[in-house]
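Peer 1: So the chains spell out like this:
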Amino acid sequence: MLLSVEKITAGYGTVAIIKDISLEVNKGEWVVVIGGNGAGKSTLFRVISGLMKPKTGKVLLDGYDLTALPSHAIVELGVIQVPEGRLIFPRMNVKENLLLGGRNTRAKPHIASTLEKVYHLFPKLKERETQEGGTLSGGEQQMLAIGRGLMALPRVLMLDEPSLGLAPIMVAEIFKTLHMLNQEGMTILLVEQNVVMSLKSSQRGYVIENGQIALSGNSQDLIQDERTKRAYLGT
Amino acid sequence: MLGSIYGLIGLGITMVFSVTGLMNFAHGDFMAIAMYLCLALYTRFNLDPYISMLLVIPLLFVMGLLVYHFLFQRMIDAELLMVIQMTLGMVFIIESTLQILFTADYVNVPNFAYGSRFIMGPFVMSGSYLVTFLIGSSVGVALYWMLQYTDLGRQIRAIAQNREAAMLMGIQTHRVQMIVFAMGIALLGLSGSLTTSIITLQPYMGLDFTLFAFIVFVMGGVGNFLGTLVAGFVLGVAEALGALFIGGHMGGLVPYGLFVLILIVRPQGIMGAR
Numbered sequence: 213m214l215l216s217v218e219k220i221t222a223g224y225g226t227v228a229i230i231k232d233i234s235l236e237v238n239k240g241e242w243v244v245v246i247g248g249n250g251a252g253k254s255t256l257f258r259v260i261s262g263l264m265k266p267k268t269g270k271v272l273l274d275g276y277d278l279t280a281l282p283s284h285a286i287v288e289l290g291v292i293q294v295p296e297g298r299l300i301f302p303r304m305n306v307k308e309n310l311l312l313g314g315r316n317t318r319a320k321p322h323i324a325s326t327l328e329k330v331y332h333l334f335p336k337l338k339e340r341e342t343q344e345g346g347t348l349s350g351g352e353q354q355m356l357a358i359g360r361g362l363m364a365l366p367r368v369l370m371l372d373e374p375s376l377g378l379a380p381i382m383v384a385e386i387f388k389t390l391h392m393l394n395q396e397g398m399t400i401l402l403v404e405q406n407v408v409m410s411l412k413s414s415q416r417g418y419v420i421e422n423g424q425i426a427l428s429g430n431s432q433d434l435i436q437d438e439r440t441k442r443a444y445l446g447t
Numbered sequence: 133m134l135g136s137i138y139g140l141i142g143l144g145i146t147m148v149f150s151v152t153g154l155m156n157f158a159h160g161d162f163m164a165i166a167m168y169l170c171l172a173l174y175t176r177f178n179l180d181p182y183i184s185m186l187l188v189i190p191l192l193f194v195m196g197l198l199v200y201h202f203l204f205q206r207m208i209d210a211e212l213l214m215v216i217q218m219t220l221g222m223v224f225i226i227e228s229t230l231q232i233l234f235t236a237d238y239v240n241v242p243n244f245a246y247g248s249r250f251i252m253g254p255f256v257m258s259g260s261y262l263v264t265f266l267i268g269s270s271v272g273v274a275l276y277w278m279l280q281y282t283d284l285g286r287q288i289r290a291i292a293q294n295r296e297a298a299m300l301m302g303i304q305t306h307r308v309q310m311i312v313f314a315m316g317i318a319l320l321g322l323s324g325s326l327t328t329s330i331i332t333l334q335p336y337m338g339l340d341f342t343l344f345a346f347i348v349f350v351m352g353g354v355g356n357f358l359g360t361l362v363a364g365f366v367l368g369v370a371e372a373l374g375a376l377f378i379g380g381h382m383g384g385l386v387p388y389g390l391f392v393l394i395l396i397v398r399p400q401g402i403m404g405a406r
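If you read the sequences in order, they're chains A and B. If you read the first sequence in the numbering used here, its first letter stands for residue 213, the second for the next number, and so on. If you read the second sequence in the numbering used here, its first letter stands for residue 133, the second for the next number, and so on.
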């Protein structure tokens, strides 16, 4: 496996937000983590990216321990997060935002050609090249956030709720792009509340409840599973 | 003509504040240190401040690195009041040390441009003002260019706009914060060396610089780099015109009056966003 999370417990102060979470992502796979608000999905992502240190447990990339590394070293190794709420740089133009994504030593030599690819993938971004990030629409900002992530030439692309606050047509477009990237071999770890869509497009899934893994398995099985249905599909 | 210097001092504060959130009340005292270093080099080795600048600027940069590493870095997530306490403490330490080392006498350090005069229309200007203005404003423009168009500049702006996103881009935030802090202090090395013949040295002048820097910082629109440079320039002009046409204590009030006026008309600062 490419990325594995082993028995991570993390939280703030004495409160554990995620408890004993383990998950795996194989190369070229699209894995989804679903769960409601406050289930601990973003905390899990913060731990993987090194923005927060876990109390116990490990994060491994190709068997190499990332847990103690600072966030920039984790980016260097190719574990790239597109954060919740997009967090684009509002007073920088689209191009500057993208260039900042491609700063790591693996991506830098290819920065010009990667930029072309990102513009090809999202022609809207090319049109808006000199416009400030903060003036883009929500959907365009999400494209920019994903494009900025791709600029880093990720080995694992982690996305935290890319569908949040977007119109259904925009959500469909984002998922179409992710599907295309996955077809081309991109390894994707997606955190979502949009259960149906993310289970339909991914290969495997984990369901988090109250900071713990409640269910896991093939995405198709999870869609059929009564427990997923009860919890999220409202039946 | 000192406007470009006010701009530089203010830009130091603006850059440091926007990437670290730190307010340094001892900022101006580092300029006092720079000026006294020039004085020492002048009295001991007869070095012109324009030459000792080459020594003072790197020295202040290193001083900035050390002070940041040993003091400020530990305060980065602390309460604002703690930082104010610490930096005010530094003010007293620096000012008393300067007084012990150099006494409280008022002194000036001349440079080779000091005696020369330039006549521009009805105005007569000392050469050192002209040099200060030229170097100060070119460094200001160069810094602005660096912030807009270089990788380091983009990293600085990224941290200022969203620290967490900057970390996710692989930016080494601690390193950039340290460099920016040291650059802010090094700018005072430049400003101090340029003004030894214009501003009279006395150990307690640091807080005055800090006060002026904060005014520039707020007037430009908190966190706005270009606004800070413009505000520094505006204040310098206001000060010069006040001294020229009104003079005395009333003239000295002009820049402060203008500051209050601008805050009433544009509370977000000259170039600040609402």
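None of these hints come from the bench; they were simulated from the model. C-beta atoms are modelled at their ideal positions from N, C-alpha and C, and glycine is treated no differently. Do not rely on the hints blindly, as some may be mistaken.
Said to hold, decoys possible - Listed next, the in silico EDC-like pairs over lysine to aspartate or glutamate satisfying Cα-Cα at most 20 angstroms (straight line):
id: 1; chain 1: A; residue 1: Lys338; chain 2: A; residue 2: Glu328
id: 2; chain 1: A; residue 1: Lys265; chain 2: B; residue 2: Asp209
id: 3; chain 1: A; residue 1: Lys267; chain 2: A; residue 2: Glu344
id: 4; chain 1: A; residue 1: Lys320; chain 2: A; residue 2: Glu296
id: 5; chain 1: A; residue 1: Lys265; chain 2: B; residue 2: Glu296
id: 6; chain 1: A; residue 1: Lys219; chain 2: A; residue 2: Asp232
id: 7; chain 1: A; residue 1: Lys231; chain 2: A; residue 2: Glu438
id: 8; chain 1: A; residue 1: Lys307; chain 2: B; residue 2: Asp209
id: 9; chain 1: A; residue 1: Lys270; chain 2: A; residue 2: Asp232
id: 10; chain 1: A; residue 1: Lys320; chain 2: B; residue 2: Asp209
id: 11; chain 1: A; residue 1: Lys265; chain 2: A; residue 2: Glu218
id: 12; chain 1: A; residue 1: Lys412; chain 2: A; residue 2: Asp232
Said to hold, decoys possible - Which stretches of chain A does chain B cover? Using the computed rule of at least three CB atoms under 8 angstroms from a CB of chain B, they are:
id: 13; segment: 323 to 337
id: 14; segment: 347 to 353
id: 15; segment: 411 to 425
As the list claims (entries may be wrong) - Pairwise CB distance ranges, derived in the manner of DEER restraints:
id: 16; chain 1: B; residue 1: Leu262; chain 2: A; residue 2: Pro282; range: 29 to 35 angstroms
id: 17; chain 1: B; residue 1: Arg176; chain 2: A; residue 2: Thr226; range: 55 to 61 angstroms
id: 18; chain 1: B; residue 1: Arg176; chain 2: A; residue 2: Pro282; range: 51 to 57 angstroms
id: 19; chain 1: B; residue 1: Ile396; chain 2: A; residue 2: Glu339; range: 50 to 56 angstroms
id: 20; chain 1: B; residue 1: Gly253; chain 2: A; residue 2: Thr347; range: 53 to 59 angstroms
id: 21; chain 1: B; residue 1: Ala210; chain 2: A; residue 2: Lys239; range: 26 to 32 angstroms
id: 22; chain 1: B; residue 1: Asp283; chain 2: A; residue 2: Leu427; range: 42 to 48 angstroms
id: 23; chain 1: A; residue 1: Ser234; chain 2: B; residue 2: Arg206; range: 32 to 38 angstroms
id: 24; chain 1: A; residue 1: Asn305; chain 2: B; residue 2: Arg206; range: 48 to 54 angstroms
Peer 1: Taking the hints in turn, state whether each one holds.
Peer 2: To see whether the hints hold, each was checked on the structure:
| no. | hint | verdict |
| --- | --- | --- |
| 1 | A:Lys338 <-> A:Glu328 | holds, 9 angstroms |
| 2 | A:Lys265 <-> B:Asp209 | holds, 17 angstroms |
| 3 | A:Lys267 <-> A:Glu344 | violated, 39 angstroms |
| 4 | A:Lys320 <-> A:Glu296 | violated, 25 angstroms |
| 5 | A:Lys265 <-> B:Glu296 | holds, 15 angstroms |
| 6 | A:Lys219 <-> A:Asp232 | holds, 4 angstroms |
| 7 | A:Lys231 <-> A:Glu438 | violated, 24 angstroms |
| 8 | A:Lys307 <-> B:Asp209 | violated, 32 angstroms |
| 9 | A:Lys270 <-> A:Asp232 | holds, 10 angstroms |
| 10 | A:Lys320 <-> B:Asp209 | violated, 32 angstroms |
| 11 | A:Lys265 <-> A:Glu218 | holds, 14 angstroms |
| 12 | A:Lys412 <-> A:Asp232 | violated, 27 angstroms |
| 13 | 323 to 337 | violated (count 0) |
| 14 | 347 to 353 | violated (count 0) |
| 15 | 411 to 425 | violated (count 0) |
| 16 | B:Leu262 <-> A:Pro282: 29 to 35 angstroms | violated, 48 angstroms |
| 17 | B:Arg176 <-> A:Thr226: 55 to 61 angstroms | holds, 59 angstroms |
| 18 | B:Arg176 <-> A:Pro282: 51 to 57 angstroms | violated, 44 angstroms |
| 19 | B:Ile396 <-> A:Glu339: 50 to 56 angstroms | violated, 41 angstroms |
| 20 | B:Gly253 <-> A:Thr347: 53 to 59 angstroms | violated, 45 angstroms |
| 21 | B:Ala210 <-> A:Lys239: 26 to 32 angstroms | violated, 44 angstroms |
| 22 | B:Asp283 <-> A:Leu427: 42 to 48 angstroms | holds, 45 angstroms |
| 23 | A:Ser234 <-> B:Arg206: 32 to 38 angstroms | holds, 36 angstroms |
| 24 | A:Asn305 <-> B:Arg206: 48 to 54 angstroms | violated, 36 angstroms |
Hints 3, 4, 7, 8, 10, 12, 13, 14, 15, 16, 18, 19, 20, 21 and 24 from the earlier list are contradicted by this structure; the remaining hints agree with it.
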